[in-house]
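Enquirer: Sequence:
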Amino acid sequence: MPGFMPGPVHSSNHKPKIQLNEQQRAAVQYTAGPLLVVAGAGSGKTRVIIEKIVHLVQNRGLPPERIAAITFTNKAAKEMRERLGKRLGANPAGAVAVSTFHALGWRILREHHDLLGYRPGISILDEQDSLNVVRDLLPGGTPPERVRLARAQVSRWKNLALAAGDVPKTHTSEGASEGEASVWRLYRRYEDHLRDLNGVDFDDLILQPLRVLQQEEPRLRWQQQLRYLLVDEYQDSNETQYRMLRLLAGDEGRFTAVGDDDQSIYGWRGAQPENLQQLQRDYPKLHIIKLEQNYRSCNTVLKAANALIANNPRAVEKNLWSGLHEGEAIRVIPCADDKDEAAMIAAEILHREYTSKARWGDFAVLYRGNHQSRVLEQALREQRIPYHLSGGTSFFERTEVKDLMCYLRLAVNPDDNTAFMRVVNTPRRDLGTQSRAAIARHAGQHHLSLFEAAVAAECRAALPARSADSLARFCDLLIATGDRGERSDPVEAVQDLVEAIGYEAWLREQSDNPPAAERRIENARELVAWLGRLRDDNPGMGLTDLLGRLSLLTSLDADDDPGQQVRLMTLHGSKGLEFPHVFLAGVEEDLLPHRNSMDEGAEAEERRLMYVGITRARETLTLSFARHRRRYGEAISCEPSRFLEELPKDLLDWRGADADKDEARTKERAAANLSRLKELFG
DNA sequence: AGACCAGGTATTTTT
DNA sequence: TACCTGGTCT
128 MPGFMPGPVH
138 SSNHKPKIQL
148 NEQQRAAVQY
158 TAGPLLVVAG
168 AGSGKTRVII
178 EKIVHLVQNR
188 GLPPERIAAI
198 TFTNKAAKEM
208 RERLGKRLGA
218 NPAGAVAVST
228 FHALGWRILR
238 EHHDLLGYRP
248 GISILDEQDS
258 LNVVRDLLPG
268 GTPPERVRLA
278 RAQVSRWKNL
288 ALAAGDVPKT
298 HTSEGASEGE
308 ASVWRLYRRY
318 EDHLRDLNGV
328 DFDDLILQPL
338 RVLQQEEPRL
348 RWQQQLRYLL
358 VDEYQDSNET
368 QYRMLRLLAG
378 DEGRFTAVGD
388 DDQSIYGWRG
398 AQPENLQQLQ
408 RDYPKLHIIK
418 LEQNYRSCNT
428 VLKAANALIA
438 NNPRAVEKNL
448 WSGLHEGEAI
458 RVIPCADDKD
468 EAAMIAAEIL
478 HREYTSKARW
488 GDFAVLYRGN
498 HQSRVLEQAL
508 REQRIPYHLS
518 GGTSFFERTE
528 VKDLMCYLRL
538 AVNPDDNTAF
548 MRVVNTPRRD
558 LGTQSRAAIA
568 RHAGQHHLSL
578 FEAAVAAECR
588 AALPARSADS
598 LARFCDLLIA
608 TGDRGERSDP
618 VEAVQDLVEA
628 IGYEAWLREQ
638 SDNPPAAERR
648 IENARELVAW
658 LGRLRDDNPG
668 MGLTDLLGRL
678 SLLTSLDADD
688 DPGQQVRLMT
698 LHGSKGLEFP
708 HVFLAGVEED
718 LLPHRNSMDE
728 GAEAEERRLM
738 YVGITRARET
748 LTLSFARHRR
758 RYGEAISCEP
768 SRFLEELPKD
778 LLDWRGADAD
788 KDEARTKERA
798 AANLSRLKEL
808 FG
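Going by our numbering, the first residue of the first sequence is number 128, and it counts up by one from there.
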């Protein structure tokens, strides 16, 4: 099959529906051994994974259920499932195990919980729960910042596949600072505590399965089960994930890993882009294929991206090129301060939307930190530009969602003290501080979990009659729910639970205005609806498993059709997305190479972050910076980012050097006129 | 239990 | 400056 060059892509949101290029095809067809695909931004890596699965099923006769595609996010998994469904048809496609590392880990953990000494109902503690556990283990009054740091260190160890007992002595006693040694002691207690709760944190979802797979018998079983693995965004994998891959893919290395070290931006979370090189060491037969043709961006954008990233040391040299048109110069807009910057961006968007065919959904404004969104939001609102802000409090962090999740966790796992404390008096049921303390005392004395204590007659006897009564009802309800959740329809059981605790009435009572109450009720219902959807996708699955799946979801508005709204998001949040028109705000020293990152010697990662931002753009790219910005109340002056100097001058179009303030005013006025006109004439 | 104030803290955050 | 959290007061 001769390759044929794709023509220019126009603004349809679709990748060219044409044949694979030569490298892509090679990557799809190579199954002789382990394969690493180094895929530049916009080079069609997801497509390669999809086509490879199709190839394995249709041409190699591999049963779909023997194939696992592993992603880092639910969103990526979902997209992959959809695309695979379109390509293969629902039937074989549905059998392919497309999941996140964590979801796969959960599956393994559930199946072998007994090997590790867990009881059947395992709770997944989210970030916040885990942080609370750490807080409670540290002396009262420990500053939140210290709690966070301690938790982060524990996480770092776990991501290096080090259980507390495996942490090298140099970090725990000999030669370790007292601070480090104390964090390690905390780690030990944290481990014990989670054990008692029969709970796991997110890190455990990889770490614990590793312990399963280190045993020969289950390892061989899983290696039989999954005959081929495809890993997406491989540069984001950490040590434990890498080990999991190795154990599953066996010594022959039945896998394809796809990644781009230039887009590694999660180093601070334990991701090890070095895993790309590690692969070569561990699998000498590793075959490497580079995808360098970009189907997304015009050449100007790509040249800028290439020039920038060339300043980083890289494992695999790549040179991205594009068969698309040259494109406009990259605009660089100096602004007086962050307000002006926001106004400029709003004005530019308004102007473009009006003069070109671009729609609101074609624009994205990217920035380093969430705090930068505020001014931008304000500016967009002033111009009545519809926008959508990604990030912020996720669905699962909302109180109402958290409450219900804890009810379900407790129903499934009576040892989950964290969940118990959260819901035992929510909605209020006469179990105040005193009663709760009494239950805790009883539990402590008799070495019971809080729930077990609450069930015990002697414990109840110590409570006032009203409290004892309502505690009994609470316990009965949870026991019944847990039971029904496994034996009959879990979703019905949950609906009845929500009904029985009068949760919606409680939300109405709790919210200070009716619309807020309705929103929260809607969230609660949405959670149940999701549970229903999960059940429909996994018929016969019990509450424990459904709940696990639910805990691994991050945001339920995943379906958000970007719609007709300008997207505001952090650079991190933009990875994997693309937009015709991209604005990068705050391209300043101390912000875009972020100060703290620089202190940690992470300039290269900051550069990659900028690289990710640039390569989101299909048509136009606008970089802006402010000369002054308020930080913690006081105005500080800023310098343009060093990264600007790394971009070839001939690609840049600098706008009004120091008349910027006036220009902003003018633009703003022009924009205001425009929006008024539009209101008048539609 | 709810309101209010003081104090501490302000990168990123796939699961 | 603006926020969130935790503690205290009513």
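Among the hints, erroneous ones may be present.
Said to hold, decoys possible - Only pairs whose alpha carbons sit at most 25 Å apart, straight line, appear in this in silico BS3-like list of lysine-lysine: (1) K213 to K202; (2) K205 to K529; (3) K776 to K445; (4) K445 to K417; (5) K412 to K466; (6) K202 to K529.
Unchecked claim - Quick list of simulated restraints, FRET-style, between CB atoms: (7) D409 to A564: 47 to 55 Å; (8) R458 to Q691: 19 to 27 Å; (9) E444 to R275: 47 to 55 Å; (10) Q691 to E636: 35 to 43 Å; (11) Q255 to H498: 17 to 25 Å; (12) D780 to D378: 50 to 58 Å.
Think of the hints as simulated: they come from the structure by calculation, not from any bench.
Glycine included, C-beta positions come from ideal geometry on N, C-alpha and C.
Enquirer: Take the hints in turn and mark each one as holding or not.
Expert: Structure-based check of each hint:
no., hint, verdict
1, K213 to K202, "17 Å, holds"
2, K205 to K529, "23 Å, holds"
3, K776 to K445, "22 Å, holds"
4, K445 to K417, "7 Å, holds"
5, K412 to K466, "55 Å, violated"
6, K202 to K529, "21 Å, holds"
7, D409 to A564: 47 to 55 Å, "53 Å, holds"
8, R458 to Q691: 19 to 27 Å, "24 Å, holds"
9, E444 to R275: 47 to 55 Å, "38 Å, violated"
10, Q691 to E636: 35 to 43 Å, "37 Å, holds"
11, Q255 to H498: 17 to 25 Å, "20 Å, holds"
12, D780 to D378: 50 to 58 Å, "54 Å, holds"
Hints 5, 9 from the list above are not met by this structure, while the remaining hints are.
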